[in-house]
Amino acid sequence: DAGITQSPRHKVTETGTPVTLRCHQTENHRYMYWYRQDPGHGLRLIHYSYGVKDTDKGEVSDGYSVSRSKTEDFLLTLESATSSQTSVYFCATTGVLYGYTFGSGTRLTVV
Amino acid sequence: KNQVEQSPQSLIILEGKNCTLQCNYTVSPFSNLRWYKQDTGRGPVSLTIMTFSENTKSNGRYTATLDADTKQSSLHITASQLSDSASYICVVSSTSSGGSYIPTFGRGTSLIVHP
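Heads up: the protein sequence lines correspond to chains A and B, in order. Mapping of the first sequence onto this note's numbering: residues 1 to 111, in sequence order. Mapping of the second sequence onto this note's numbering: residues 1 to 115, in sequence order.
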């Protein structure tokens, strides 16, 4: 969607390696979110940010860390990737009028 | 615990037919309810948003209804098209004491429209 870009779109990595996913927004939204989507679970919140350097955990935060040094960028890091972290990751921002705007997703495979 | 339940889990219909998707929720305090459409390989895209005082909201062939008393919502698709094949996600938000919106996502209904 316009305003949010995720990179990379696809990634294959080995178990035990660190991985960083990037989310970039151009809407100057205060709130940004990282979700993972798995079959049978729907979208689950990993971490979210409510401002520069202000972040908090979601329901599935174990094994993940985030950083937000600028309003426009929100990074998700898998400290040591495991096969259970194979998933599709979505970044989102929120505005009062338009609700959540999602990126196109990053498909991560941990082998 | 806030929950959003959607039914059916999956649905197959013929092109041109109508269908209705259901969403039941237990979210408090209620702020708003949104329906999203997610095409395969893409992020969810908002279809409608409804607040507590709204009963019906339309977006083209999509009509969402909300009954805040029974905590139910439905999404009706009229004259379905092949491009309607997607997952439809119901999202109900509450408002935290700090003013942020806290969403609870349903697991989605997978709709397949056959020619």
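Check the hints yourself; a few may be wrong.
Facing chain A, from chain B, some residues (calculated, C-beta under 8 angstroms) [as the list claims (entries may be wrong)]: (1) G16; (2) P29; (3) R42; (4) I49; (5) A68; (6) A79; (7) A86.
Derived by calculation from the structure, the hints in this document are not laboratory data. All residues carry an ideal CB built from backbone N, CA and C; glycine is no exception.
Does the closest beta carbon of chain A sit nearer than 8 angstroms to the beta carbon of A79/B?
26 angstroms, violated
Chain A contact restraint on A86/B - CB to CB distance below 8 angstroms
This interface hint is violated because 14 angstroms lies over the 8 angstroms limit.
Evaluation of the interface hint that places A68/B against chain A, nearest CB under 8 angstroms:
18 angstroms, violated
Checking hints one by one. Is I49/B an interface residue toward chain A, by the C-beta closer than 8 angstroms rule?
6 angstroms, holds
Is the shortest C-beta separation between G16/B and chain A less than 8 angstroms?
29 angstroms, violated
Does the closest beta carbon of chain A sit nearer than 8 angstroms to the beta carbon of R42/B?
6 angstroms, holds
Minimum beta-carbon distance criterion (8 angstroms), P29/B to chain A
16 angstroms, violated
Violated hints, listed in ascending order, are 1, 2, 5, 6, 7; each of the other numbered hints is respected by the structure.
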